[in-house]
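Protein chains: 2
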Amino acid sequence: MLTLFHYPLSSASRFIRIVLEEYVVATQLIEEHEWARRSEFLALNPAGHLPVLLAEREVPLSGAIVIYEYLDETRGSLRQEKRFFPETSLERAEVRRLVEWFLNKFENEATRHIVRERIYKREMPLTLGGGAPNSQILRNARANIPSHMNYLEWLCASRDWLAGSELSYADLAAAASISVLDFLAEIDWKLFPAAREWYTRIKSRPSFRPLLMDRIRGIAPSSHYTDLDF
Amino acid sequence: MLTLFHYPLSSASRFIRIVLEEYVVATQLIEEHEWARRSEFLALNPAGHLPVLLAEREVPLSGAIVIYEYLDETRGSLRQEKRFFPETSLERAEVRRLVEWFLNKFENEATRHIVRERIYKREMPLTLGGGAPNSQILRNARANIPSHMNYLEWLCASRDWLAGSELSYADLAAAASISVLDFLAEIDWKLFPAAREWYTRIKSRPSFRPLLMDRIRGIAPSSHYTDLDF
Numbered sequence: 005m006l007t008l009f010h011y012p013l014s015s016a017s018r019f020i021r022i023v024l025e026e027y028v029v030a031t032q033l034i035e036e037h038e039w040a041r042r043s044e045f046l047a048l049n050p051a052g053h054l055p056v057l058l059a060e061r062e063v064p065l066s067g068a069i070v071i072y073e074y075l076d077e078t079r080g081s082l083r084q085e086k087r088f089f090p091e092t093s094l095e096r097a098e099v100r101r102l103v104e105w106f107l108n109k110f111e112n113e114a115t116r117h118i119v120r121e122r123i124y125k126r127e128m129p130l131t132l133g134g135g136a137p138n139s140q141i142l143r144n145a146r147a148n149i150p151s152h153m154n155y156l157e158w159l160c161a162s163r164d165w166l167a168g169s170e171l172s173y174a175d176l177a178a179a180a181s182i183s184v185l186d187f188l189a190e191i192d193w194k195l196f197p198a199a200r201e202w203y204t205r206i207k208s209r210p211s212f213r214p215l216l217m218d219r220i221r222g223i224a225p226s227s228h229y230t231d232l233d234f
Numbered sequence: 005m006l007t008l009f010h011y012p013l014s015s016a017s018r019f020i021r022i023v024l025e026e027y028v029v030a031t032q033l034i035e036e037h038e039w040a041r042r043s044e045f046l047a048l049n050p051a052g053h054l055p056v057l058l059a060e061r062e063v064p065l066s067g068a069i070v071i072y073e074y075l076d077e078t079r080g081s082l083r084q085e086k087r088f089f090p091e092t093s094l095e096r097a098e099v100r101r102l103v104e105w106f107l108n109k110f111e112n113e114a115t116r117h118i119v120r121e122r123i124y125k126r127e128m129p130l131t132l133g134g135g136a137p138n139s140q141i142l143r144n145a146r147a148n149i150p151s152h153m154n155y156l157e158w159l160c161a162s163r164d165w166l167a168g169s170e171l172s173y174a175d176l177a178a179a180a181s182i183s184v185l186d187f188l189a190e191i192d193w194k195l196f197p198a199a200r201e202w203y204t205r206i207k208s209r210p211s212f213r214p215l216l217m218d219r220i221r222g223i224a225p226s227s228h229y230t231d232l233d234f
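Residue numbers (the working numbering), protein chains in the order written: chain A, 5 to 234; chain B, 5 to 234.
Read the hints as simulated data drawn from the structure, not as lab findings. Wrong hints could be hidden among the right ones.
Identical copies carry no separate label here, and so any pair may be met within one copy or between two of them.
Unchecked claim - Listed next, the in silico SDA-like pairs over lysine to any residue satisfying Cα-Cα at most 25 angstroms (straight line): (1) 109 - 142; (2) 109 - 195; (3) 194 - 144; (4) 125 - 216; (5) 125 - 35; (6) 109 - 197; (7) 109 - 63; (8) 109 - 141.
On a predicted model such as this, the values are computed, not experimentally measured, just so you know.
Looking at chain A on its own, in the form it has when it is part of the complex (with noise of 0.2 angstroms):
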């Protein structure tokens, strides 16, 4: 059994729940704040971010990126078939290439903004910058979503999956990241239909289907949420 340090709505965390299910590795999910800044935690990652998985014997593994080439390299290279990286090293630079685009560029520019403003200055002491909503921040970086779903919306409709004709790593952490938006009633899925119609594929999946579950107290998510075919 390992364990997983996460939060529900940390685009990282999720995108490791997911290939943590795909893989069928049984897991022990501990939720953590990073901005609590928690001392145990710290001596784990002294990064301070999430995800971190305890591996085998007990070896912490920090960040999503750390992780999962890790579980490739340990799960992914068995399966003869259905891997989520491709055959050739090109491929793969693609694959990366957009893991790292969901999970760094589109969360610095916008996810991560929104859910510190949205949810976790619910949950800060005031000492630590809790409080209500930086409304310009909110404008921001709610102004910085349309480019990615843009962008996103015309890798949808040129290939059947992200990074070519196979579902990728990139699938999963774009996936994971647009599922964070999409709790906060964030994304105008009107306006994006193949990138809505990619959504439901990923979202259909078994491995999926925790992360449909998760609630945050005090916080409804979006009414489509959980609908696999909103």
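With chain A fixed as given, assemble chain B onto it according to the hints.
Just chain B, lined up with the frame of chain A:
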């Protein structure tokens, strides 16, 4: 012949230049300014960040993490010994964690702000944010250097190389990042003797020499920048 779009004082670009030198890959360098957002460059990498490598068949690979994994798969894995990734998946996870630490965390908390304020803003038109450095941003970025240097000092004092007993990509990425701040005389080396000894070892490698020849118009490097025994 491959082509690398880079900037001399970009940590991520320097890391890939070192890796290409180590693997003796003939590469044409093209200097690119991220802030200019040149349309031909954005067509190669819509994310707009450096470095970008035009690999085989001119396929663009974007970002240092994508590129070093690609170079490891296509060049590194052919080397029986002296590989920059260790044998086991757990050890490789530690290398990847530290590469990310220096290229993302240290970069976002300190280096990129200092390079932007001190270098980029001298070259940028006023309309894009050019002009005099913002002393508050510089002060905040500089205040973040010591904790990272303490962590580097601890790693250097407790291990032969950053990720363990062998030289790895972690050392090359960290040294690339440190070399930018060293060029700008932002590191007080007398406080970090173990890190200094480690940096001297890396800096003496032939792969590092081209970086020591870099010059930026109107900025003299620190007096010890090219000194291999400083």
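How the hints compare with the structure:
1. 109 - 142: both (17 angstroms within a copy, 23 angstroms between copies)
2. 109 - 195: within (21 angstroms within a copy, 35 angstroms between copies)
3. 194 - 144: within (22 angstroms within a copy, 42 angstroms between copies)
4. 125 - 216: For residue 125 and residue 216, only the intra-copy Cα distance (23 angstroms) is at most 25 angstroms; the inter-copy one is 46 angstroms.
5. 125 - 35: Intra 17 angstroms, inter 42 angstroms, cutoff 25 angstroms: intra-copy only.
6. 109 - 197: Within one copy only: 23 angstroms inside a chain, 36 angstroms across chains, cut-off 25 angstroms.
7. 109 - 63: Between copies only: 21 angstroms across, 28 angstroms inside.
8. 109 - 141: Both: 17 angstroms inside a chain and 22 angstroms across chains, each within 25 angstroms.
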